[in-house]
Amino acid sequence: APATAPKACNLTEFVGTANGHTVGLVIANVDPLLHEQMKIDKKYRSIGIVGGRTGAGPQIFAADEAVKATNSEVVLIELPRDTEGGGGHGSLIVFGAEDVSDARRAVEVTLSELDRTFGDVYGTPAGHLEFQYTARASFALNKAFGAPIGQAFGITVGCPAAIGVLMADTATKAATVVPVAYATPGNGGTSYSNEAIFMFSGDSGAVRQAIRAARDVGKQVLGTLDPAPVASATKPYI
Amino acid sequence: APATAPKACNLTEFVGTANGHTVGLVIANVDPLLHEQMKIDKKYRSIGIVGGRTGAGPQIFAADEAVKATNSEVVLIELPRDTEGGGGHGSLIVFGAEDVSDARRAVEVTLSELDRTFGDVYGTPAGHLEFQYTARASFALNKAFGAPIGQAFGITVGCPAAIGVLMADTATKAATVVPVAYATPGNGGTSYSNEAIFMFSGDSGAVRQAIRAARDVGKQVLGTLDPAPVASATKPYI
Amino acid sequence: APATAPKACNLTEFVGTANGHTVGLVIANVDPLLHEQMKIDKKYRSIGIVGGRTGAGPQIFAADEAVKATNSEVVLIELPRDTEGGGGHGSLIVFGAEDVSDARRAVEVTLSELDRTFGDVYGTPAGHLEFQYTARASFALNKAFGAPIGQAFGITVGCPAAIGVLMADTATKAATVVPVAYATPGNGGTSYSNEAIFMFSGDSGAVRQAIRAARDVGKQVLGTLDPAPVASATKPYI
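Residue numbers (my numbering), protein chains in the order written: chain A, 1 to 238; chain B, 1 to 238; chain C, 1 to 238.
Hints in this document: simulated from the structure, not taken from any laboratory.
Mixed in with the good hints, there may be bad ones.
Because identical chains cannot be distinguished in the list, a pair is counted as satisfied if it fits within a single copy or across any two copies.
Listed below are the simulated SDA-like cross-link pairs for lysine to any residue, each with C-alpha atoms no more than 25 Å apart in a straight line [unchecked claim]:
1) LYS219 x GLY150
2) LYS219 x LEU33
3) LYS39 x VAL178
4) LYS39 x GLU113
5) LYS219 x ASN142
6) LYS235 x ARG136
7) LYS68 x GLY146
8) LYS219 x ARG208
This one's a predicted model, so the numbers in the text were calculated from it and none came from an experiment.
Model the full assembly from the supplied sequences, consistent with the hints where possible.
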């Protein structure tokens with residue numbers, strides 16, 4: 001209903017919004033004074049900006065599709081401690097491009113992928129689970145997680161972190177995967193979120209099998225902490 | 001109604017409360033064992049303490065007025081990651097003074113300024129914006145943000161951080177200001193808050209003009225994420 | 001009512017749940033690939049995992065009882081910034097054991113102690129207070145806080161942090177205690193929580209006396225910020 005819908009925005013810089021209180025913006029010519037503060041390559045006059053209150057994995061995996069599809073580079077990925085009272089992260093992603101149309105397109109692709117990449121996010125009042133998968137990691141996933149470029153890559157995330165530790169064990173036992181990194185609240189790249197995150201590559205079938213096994217276990221454990229259903233934020237895709 | 005009002009407090013150390021779940025306290029003679037743990041100058045026997053759940057900018061700009069008005073020094077400014085489920089900071093500010101009346105007065109001034117300094121804080125369920133301005137920065141703003149003492153100084157803050165990045169660009173383009181610092185969730189002084197913060201000095205008119213332009217843009221973008229009005233927490237002052 | 005109760009869990013790895021959205025898990029044989037990522041001593045094939053959304057002190061003091069009572073070691077204690085929108089921490093604790101029955105028992109003991117160790121946690125919408133005491137600190141408290149092993153040890157925690165600073169002063173003045181550490185939002189071991197934490201040892205009576213004096217002051221101050229009663233989460237034990 002128009003009475004309660006968010007306001008429209010006619011700013012040139014506004015691209016759109018998506019799940020997780022995510023907003024997409026573009027700046028055609030970053031002011032030189034700000035450009036210097038941002039410490040990004042001078043050749044990128046244009047930047048695309050994607051930031052959300054909830055979710056880092058969904059936005060980063062979506063941004064990975066954007067760098068594959070456009071002539072842009074991910075120049076910044078930062079993970080605030082957020083999720084609006086939840087135990088995870090928000091996100092700030094900046095794309096650099098020499099042409100504003102590329103920066104805008106990168107943001108558009110990212111926003112359009114978020115409905116899919118929120119598909120294996122499962123939340124209850126007690127915590128959340130997240131799973132992401134790609135058949136072929138590109139530069140955003142390499143920058144954020146050290147994913148080997150061109151390989152299948154997946155992550156399992158559990159909150160409270162204890163669940164994530166168990167899911168990491170389940171994943172490694174379920175299929176032949178190669179650990180890329182392991183993060184906990186005080187180590188490995190979280191911003192003190194209450195998550196344990198396991199990142200791994202391998203052949204495509206193995207990565208998916210590992211994720212599915214971890215997902216099955218994680219949903220059972222998260223379900224013991226709160227009676228709410230452990231339901232997908234959109235529609236599972238893995 | 002008395003039945004639901006917060007309790008009164010007869011402790012000598014209690015000074016008062018204010019916006020943002022902020023409390024003001026004073027200790028006439030800090031215990032030597034604690035004094036050593038706090039690592040503050042031994043000459044300050046008395047300390048004033050101001051801490052809030054929501055807001056760092058409002059308390060820091062208020063504290064700047066307090067150091068101008070009293071014989072006290074700001075010996076500690078720390079920014080917890082808080083805002084009670086929001087994407088920003090809380091605050092802990094400690095004033096040191098040789099005389100308890102100065103410490104108490106610094107706290108009183110800070111608390112009394114908070115109604116004003118919350119005036120350009122705008123929140124919705126999706127995020128928040130904050131703007132602060134002073135015609136003449138003093139030692140609290142120098143300590144917290146590196147503001148040049150005696151000069152006009154302002155900050156723009158946007159959450160989710162993407163909005164803050166855009167507002168920084170808007171501010172630099174709107175007037176001739178001198179960037180002092182730029183902070184994002186993982187760099188520059190935030191405590192992993194979901195904010196981008198731009199800090200700048202310049203002549204008084206330019207600083208205000210930059211803030212007003214950024215505020216106009218920020219309100220439009222924040223309004224796209226949630227239907228709630230983007231309203232001042234008290235009354236705009238800039 | 002069964003319709004709203006959390007789901008049961010038949011996983012071998014599931015031990016139980018407790019206050020603070022805390023879950024306890026055990027892994028009999030950690031996968032070697034994960035074991036390496038976790039960087040824990042190879043002799044510990046089995047691990048116990050305890051993690052909660054709310055509370056670090058309660059889980060750490062409970063884990064201290066577990067290491068006293070079992071043949072296990074605390075190999076990891078990390079403090080996410082959590083409490084589900086509150087100003088404090090959650091927790092992730094990992095026990096290592098050579099035998100799975102020891103790891104499981106450590107988790108069971110920890111979970112069983114949580115009802116007690118949440119007894120001196122007091123929360124309102126404006127903040128929280130926490131107090132913990134043990135007559136004899138063991139290895140978990142030594143690892144987490146540097147508590148001298150075998151001695152009486154206590155902590156006082158206040159949120160917003162300003163209250164915690166005052167309580168630290170009250171505690172040191174109330175009895176002859178030995179400061180072990182002092183933590184604030186940006187220093188000393190918090191994960192940017194909005195807390196000031198004071199940790200101290202001493203003779204058993206002095207530690208309790210210091211805590212009780214701080215508790216009395218803290219409850220009065222926290223009560224000024226919100227009309228909600230400053231009530232124990234379970235039942236006070238100190």
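The hints, checked one at a time:
{"no.": "1", "hint": "LYS219 x GLY150", "in the structure": "neither (30 Å within a copy, 41 Å between copies)"}
{"no.": "2", "hint": "LYS219 x LEU33", "in the structure": "between (48 Å within a copy, 23 Å between copies)"}
{"no.": "3", "hint": "LYS39 x VAL178", "in the structure": "between (33 Å within a copy, 16 Å between copies)"}
{"no.": "4", "hint": "LYS39 x GLU113", "in the structure": "neither (28 Å within a copy, 36 Å between copies)"}
{"no.": "5", "hint": "LYS219 x ASN142", "in the structure": "neither (28 Å within a copy, 34 Å between copies)"}
{"no.": "6", "hint": "LYS235 x ARG136", "in the structure": "within (21 Å within a copy, 52 Å between copies)"}
{"no.": "7", "hint": "LYS68 x GLY146", "in the structure": "within (16 Å within a copy, 40 Å between copies)"}
{"no.": "8", "hint": "LYS219 x ARG208", "in the structure": "within (16 Å within a copy, 42 Å between copies)"}
The structure shown violates the earlier hints numbered 1, 4 and 5.
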